[in-house]
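> Numbering-wise, my numbering puts 188 at position 188 of the sequence shown, and it's gapless, one number per residue.
Hints were generated in silico from the structure; no laboratory data involved.
Every value quoted in this text rests on a predicted model; they were computed, and no experiment measured them.
The beta carbon of each residue, even a glycine, is placed where N, CA and C say it ideally should be.
Check each hint, because a few of them may be wrong.
Unchecked claim - Between beta-carbon pairs, the in silico distance windows are: (1) 126 / 29: 35 to 41 angstroms; (2) 18 / 119: 45 to 51 angstroms; (3) 109 / 310: 37 to 43 angstroms; (4) 345 / 101: 42 to 48 angstroms; (5) 211 / 388: 38 to 44 angstroms; (6) 182 / 399: 22 to 28 angstroms; (7) 138 / 32: 18 to 24 angstroms; (8) 119 / 26: 35 to 41 angstroms; (9) 321 / 119: 43 to 49 angstroms.
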Amino acid sequence: MSAVRLLPRRLREPSRSTRALLGTVIGSLPGFILPFALAWRFHGGRLTDAYFLSLAIVTFVAGILSNVLEVSMIPAVAASVASGGGAVGRLVRGAAARSLAVAGVGYLLVALVGLSIVDAHHSWPASERRLCMALVLIFGLYILASTLTSVIDGALYALGRFFMPTVSQCIRALLPLLALFATSRDAAGVIFTASLLIAGESIRGLLMWRVLARMLGGLAGDGSAPPRSRLLEASLPLALSLVVVATSPLVDKFVATPLGAGSVTLLELAEKVFFVPVLALTSSVVLVAGSRWARLSLERPQLLAADFKRTLRIVLASSTAAALVLTALVALVTSLAGQRFLGVDSGRLFALIALFLGGLPGAIVIAQGARLMTAMQRTRLLPLFALSAFSVNLAGDILGARLFGVAGIALASTVFRYVNAALYVWLCGLLLRTLSPARTRPIPFLLR
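Working from the sequences, and respecting the hints, build out all of it.
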């Protein structure tokens, strides 16, 4: 037994959260800088609009797959660890093969829809529409690479490795950043940047596979047969819900395209700032809690309710504090920058960031609720919840854009996050009550 496992949980879990947070901060920094660097290099106009819109179309698939695979692999691997490294390895390889097939089909469907939508945007010059279409096709390779790394990341999280998978994320954005000054300020330069992003993710996948292979080689089992995997059964409802949820940022950008040159870029930069604390909290406190809940659901389910409530208090306090601090920091930076910041209007950028950050606590509660449901492998109600939230966001986007322009889109996104968060808290309460020893009535089908 490792020395880490001999420590009390109250000492062990904060250490894991700290390592995950440190890895996330380092790993996400190049990815955070890249959009701003591109806006500076390409002057924040039609070229960057084409890049960010095509990336949004492709990450619609990549983001869904990454979220589903990472969180679903944790309970699946945790249940197979006792059978040894060989069983876990077979699980990982099988999940990777099936996930690549799903990624290919999903990409083809989304690419066809995305290309049609881009071609219909007659407000854009023909050259920018062609560039966006080319980028949508090129980024398909990024989907395949990120699918493989997500399977491996989920397995490593289940085995207690949080720092390496998170810190290695810096590789994907480092290549385009290092080559930025040698990149031409034209369509060819944008395509070159996209190609380097794909290369960085591919290199990361190879490194993570070597780390996982070494761990599995030293993982001895007790000779028991692995339990029946519920990976597909739990993943499908989660994937359906994320399809709906992931459509919302994409809809935001499509609604913003007629609002003038640079509107998509402005929205992308504001969302990038918003997702910094989202990523930091979900990749530290929520990630480690999800791994812990996967173990508790197998070994001591009676402890889940208290642990969930404790974590909820932590994420609410930390997300509120992060939103206030970041809003003040952005206000200072944009005021010092003057009228323009990285090629965009400073005042509009601050307003958008502040509106997005207002929804930060709601976004973190959603992430925590989804992690609990996945850890318990009770995900059947997720698609219905996501559909209701998407409906709120879509209606709000259209109305907000008509009334307030790009700021109305940000406001609608914040409202939809709080509606979704309230639904998740209610459902998680129902799920946790099903674990009560005194319960005698059968569990409803949708909560199983």
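> Between the beta carbons of residue 109 and residue 310, is the distance compatible with 37 to 43 angstroms?
holds (41 angstroms)
> Between the beta carbons of residue 119 and residue 26, is the distance compatible with 35 to 41 angstroms?
Roughly 40 angstroms apart at Cβ, these two residues keep to the hinted range, so it holds.
> Check the following: the C-beta atoms of residue 211 and residue 388 are separated by a distance inside 38 to 44 angstroms.
holds (40 angstroms)
> Range hint 45 to 51 angstroms: satisfied by the CB atoms of residue 18 and residue 119?
holds (48 angstroms)
> Is 35 to 41 angstroms a correct range for the gap between the Cβ atoms of residue 126 and residue 29?
Once the Cβ atoms are compared, 37 angstroms apart, the range 35 to 41 angstroms for residue 29 and residue 126 holds.
> Is 42 to 48 angstroms respected by the C-beta to C-beta distance linking residue 345 and residue 101?
This hint holds: roughly 45 angstroms between Cβ atoms.
> Per the hint of 43 to 49 angstroms, is the separation of the Cβ atoms of residue 321 and residue 119 within bounds?
The hint (43 to 49 angstroms, Cβ to Cβ) holds, given that residue 321 and residue 119 are roughly 45 angstroms apart.
> Note whether the CB distance of residue 138 and residue 32 lies within 18 to 24 angstroms or breaks it.
Given range 18 to 24 angstroms: holds, Cβ gap about 22 angstroms.
> Hint says 22 to 28 angstroms; check whether the CB-CB distance for residue 182 and residue 399 agrees.
Given about 45 angstroms between the Cβ atoms, the range is violated.
In the structure shown, a violation is registered for the earlier hint numbered 6 alone.
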